[in-house]
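Chain A is already provided as a structure; the job is to place chain B on it using the hints.
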Amino acid sequence: MYMGGSSEQLSELPGIQKQLEVDMSRLSIITQNSAQRTVEELYKDLERRIVASPPGLCPVDMAASFLKMCHAQSCGKCVPCRVGLGQLEKLFDDVLDGDATLETIAVIERTARSIFYSADCAIGYEAAKMVLKGIRGFREDFEEHILRGRCSCNLNQPVPCVSQCPAGVDIPGYIALVREGRYADAVRLIRKDNPMPAVCGLICEHPCEVRCRRTMLDDPINIRGLKRFAVEQAGEVPVPKTAPATGKKVAVIGGGPGGISAAYYLALMGHKVTIYEKEKQLGGMLRYGIPSYRLSREVLDGEISRILSVGIDVVTGADVGEEPYLIQDIRPRYDAVYIAIGAHTDRKIGMEGEDAEGVMSAVEMLRSIGDGEMPDFKDRDIIVIGGGNVAMDVARSAVRLGAKRVRIAYRRRKVDMTALPEEVEGAIAEGCEVLDLHAPLSIEKDGQGKVSALWVQPQIIGKMKNGRPTPGDADVAKLRLPCDRILVAIGQGIDSRHFGESGIPITRGAAIDAFDWSGVKDAAGVFAGGDCVTGPATVIRAIAAGKVAAANIDEFLGYNHTITSGVEIPRVRLHDRPTCGRVNMKEREASVRVKDMELIECGMTSEEASQEARRCLRCDHFGFGVFKGGRVEKW
Amino acid sequence: MVNTERVKLTIDGIQIEADRRSTILQAAALAGIRIPTLCYLKGINEIGACRVCVVEVEGYAKLVTACNNRVKEGMMVHTNSPKARKTRRTNVQLILSQHNSNCAYCVRSGNCSLQSVANDLNIMDVPFVKELPKNCWNMEFPLIRDYTKCIKCMRCVQICDKIQSVNIWDVVNTGSRTTVDVSGNRKIEESDCAVCGQCITHCPVGALRERDDTEHVLDAIADKDKITVVQIAPAVRAAWGESIGLAPEFATVKRLASALRKMGFDYIFDTNFSVDLTIMEEGSEFLEKLKNRENETFPMFTSCCPGWVRFMKSQYPDMVDQLSTAKSPQQMFGAVAKTYYAKLLDVDPERIFCLSVMPCVAKKQECALPTMRDAGAGQDVDASLTTREIDRMIRMFHILPETLREEELDMPLGVGSGAGVIFGATGGVMEAALRSAYYLVTSKNPEPDAFRAVRGMDGWKEAEFNLAGTILKVAVASGLGNTRKLMKALRKGRVSYDFVEIMACPGGCAGGGGQPIHDGRELAGDRGQILYGLDKVSHIRFSHENPSVIKCYEDFLEKPLSHKAHELLHTDHHGWKMPGET
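Line by line, the protein sequences are chains A and B. Each step along the first sequence adds one to the number in the working numbering, with nothing skipped, and position 595 is 595. Each step along the second sequence adds one to the number in the working numbering, with nothing skipped, and position 464 is 464.
In case anyone wonders, no lab produced these hints; they're calculated from the structure. The model shown is predicted, which means the values in this text are computed figures rather than measured ones. For each residue, glycine too, the CB sits at the ideal point set by N, CA and C.
Derived EDC-like pairs: lysine to aspartate or glutamate, alpha-carbon spacing no greater than 20 Å straight-line:
no.: 1; chain 1: A; residue 1: 404; chain 2: A; residue 2: 379
no.: 2; chain 1: B; residue 1: 492; chain 2: A; residue 2: 555
no.: 3; chain 1: B; residue 1: 187; chain 2: A; residue 2: 140
no.: 4; chain 1: A; residue 1: 586; chain 2: A; residue 2: 219
no.: 5; chain 1: B; residue 1: 187; chain 2: A; residue 2: 143
no.: 6; chain 1: A; residue 1: 280; chain 2: A; residue 2: 495
no.: 7; chain 1: B; residue 1: 485; chain 2: A; residue 2: 555
no.: 8; chain 1: B; residue 1: 444; chain 2: B; residue 2: 285
no.: 9; chain 1: B; residue 1: 162; chain 2: A; residue 2: 633
no.: 10; chain 1: B; residue 1: 134; chain 2: A; residue 2: 93
no.: 11; chain 1: A; residue 1: 586; chain 2: A; residue 2: 232
no.: 12; chain 1: B; residue 1: 254; chain 2: B; residue 2: 408
Between beta-carbon pairs, the in silico distance windows are:
no.: 13; chain 1: A; residue 1: 298; chain 2: B; residue 2: 580; range: 56 to 66 Å
no.: 14; chain 1: B; residue 1: 580; chain 2: A; residue 2: 473; range: 51 to 61 Å
no.: 15; chain 1: B; residue 1: 8; chain 2: A; residue 2: 560; range: 37 to 47 Å
no.: 16; chain 1: B; residue 1: 537; chain 2: A; residue 2: 147; range: 53 to 63 Å
no.: 17; chain 1: B; residue 1: 130; chain 2: A; residue 2: 147; range: 17 to 27 Å
no.: 18; chain 1: A; residue 1: 55; chain 2: B; residue 2: 125; range: 38 to 48 Å
no.: 19; chain 1: B; residue 1: 130; chain 2: A; residue 2: 46; range: 26 to 36 Å
no.: 20; chain 1: B; residue 1: 32; chain 2: A; residue 2: 244; range: 50 to 60 Å
Next up, chain A with everything else stripped away, as it sits in the complex (with noise of 0.2 Å):
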């Protein structure tokens, strides 16, 4: 570097001073100064405002913004990310300003494609495949914004819990009555919309949370450990009253969550309902599907007398499709009929071995815990084959059971598997080894056909598909996992056979074909929803197709009952709403727990519950909520 004139001179300036000191030395420990240090925060910031993204936002003027953003990531070194993304914004301001014609899309288009051929890094390429991509996927977005000078969208979802929960609970309320120690009251909210609050206090699967406006604070709030504080303090909580009978009757074909959900409000209406369940017990994938470590009996069962006790009858062992409870003789004796009977079978893994002695599907080893029959796993060596939260189950109950080893074989990574994170942890927690990228080959059987080993394919992560990596072949040999039992949980299927046979239409996917209004095509009367219209969902999923069945039957039947809570909701209290972490469920220790088939979660504390309640920024209130659309008080 020339350095001319008087150095002395210069350097009287402290920047150039400084410019003085760097020079001088060979390398030099890069520390963050405040600038950057705070522009990191700003990216957490900004990730958890992109998390928190209201539902219903126009497209276009988003894909604007993350252009911006784009933008401002360019060095400027090359002239289409430089350049052609400055262009780019320019363009998209005219499609949301109305100053555009169709045209300006073909030019975003091409302008796009250039820059993706000819940019230099991935700075510029993925700025312009974002463009190409909502280019693709919202065209017409762009096309109502310049022919109509307006976007398609609708911001009509405004409380984001609300809007994410299949069943429209009304969370901002029943929070704001936790936080005001009114937990019947809060019981009697959920109730409205969900008739199983102590269920969903433990298993729900809280989709509420997803979205949660809190996030763009600190961490979105724990809904469902609050409701469970809710029922826990509540106790009994008596179940509204009916509303005269109608003399209509309605005979709901399945005594899961949805079928009895269904049958509850059809109830509180003043119908005559009956469930005709196939298995023992009442509960459907509540007691034959989730173990009890997860959601305890006492509180199942406590929950269904609840629910039974405003007047519901119920038949089981009753197989609808064997006789004498063949549909077409049960449709004539009532008013109406909701089909909810769930998907319970399980689907076969096409694998050599798979008749081995020790093969067992989930679905069946469930179901056999269910009514209290407890496989012997005592110092087993067990392979579990899924990665989903039905393997976590699985897994986690083998343990309980006994078995001196539990692996789970998985051919994707670990971060792919669909189980919930805190259920792979907690399997992990517990005892059980985690094989990734294990793709099954076969099942291996001895001379007494028993099975004596998984054998598996090591995989590689390869390409996206759809948001996630799919694996292949690792070029490495095929593995022999020796073991003695192999739990299949890779998914379950629906038994329509006898639906079909009744004339019932039914998809190629042996799901029962309905409406989103719940109705059955060409069978006046016939509703059907849940798992066996939708393939396997959650349980909060099954209980809104519940709450959807009865209000279309009511109205079917020719009424108009309305479902309310009678609860008045507390008015906000002010304030400043300092930002405070999320109190996450505690859980009893795994070497404890182990050893029992007792709830693993802990609730939450007065103290931490009233902190919990208190994070809530009540939406329904602040924000688009108090305008339009925040409150349902009746269906």
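What follows is chain B alone, placed relative to chain A:
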């Protein structure tokens, strides 16, 4: 819950005791403190969107909107702390940056809440870039939205959803491009808008207005060949003085007649004349139906409100035949003016320019309907101006309203009964009709106030009367939200009536969408009282006693429901289509 629980709090150093359910805004008002508001509309829009009513509450870093947050025991509120004032000011400046502040030529200049709030805050500049949307509106439609003036307060959305249940407006777009537009991505002319104009009268700024037809009218005055004939609707006389500073007792219809003559209109008549005619036709039609009870479908609905007719045609097309076939008074007047009156004047009806002054925006749409050209000389009513437009014309003609003298209306179409006057208030059509129906059945006049049970501001009223041995069940609804409730109950079979009066605007024409605007005040009740007062002192209390009506039948129309009456005074509601109507 205890409703009377009181809390003590301090606002701007003043100790106040207030109901614990009251908002900070309400509590402050008790102490004589008026916190500025903009989007707030009591009971209808309490959404804290404009953030102008923000106040500082001790103990909280963030400011609090006074309009939708409740008081609390011991609360210390500062409505005017530097933080509150500066923030309020910034928020108003931000609103102004998205508002087309062409106040000099804005219809709401001088009656604009944004203008007053900005003036009061002494705002002299806006440090932000002006950002105005470029959306286009169909300027031919009787109701006009100016996107560049909309401040997104959402009042129109709420009025249309909550009060009128027509759901015409919705929020569209996101971010700073968010604005209010016709819902469901429709165009206004493709929508089922009733054109009631309630969104206009509840807009705090000039973003919504009626199509201004004054130039068209001025051209007619200036045209030497044209004979200009004006009809003044009942409800106009209860409101026209409001926005030009006249007291209700002073702002009589006779002074309005004087103002209109000063502008150069040739003949000033009263819609009350044709209201009486309407009663004769509609009343007779109803009595005919009653005679044929088994074969007719009841109830019969009134048809004088064009907003209601639009609502009926779009929401309940299968019930359109239950509307009375009688035209509205505006249209009966037009048809008579261009036939009977043209004959009296002995002029070519083409020379008559018929103007109506109405408390209504929907009347602009009604007079342009293809079915309203029965006199054979173009539109029967050539133009319809709102009360607001006529007030603007008074100012345009630099008439000093306080100097106006009372002048008689012209004859013979300037005579109306007291029954006609109350047409402008909810229940008035029913009452007027029953007064004459009673006479037509019994040949005796009832006590004039015998049917007063249908008066009052309730949105849905019911009454039963004994009409010479026949029990009549009637209902009256005003406001389309109330109307929808009534219609639902009717269709579900929960209620049944013989005769139903509907007016689209809450309180009837007195609260019409074309009436003067007073932000935050609902004047339909007060104006209705003025009309009932006029009826009380009127020397003709019955439509069938209107001498001009009697003469008109004798000399021209023969009798109610005559062939001629059918030709001129009745209409086919299927003769035109609402958007989407098949």
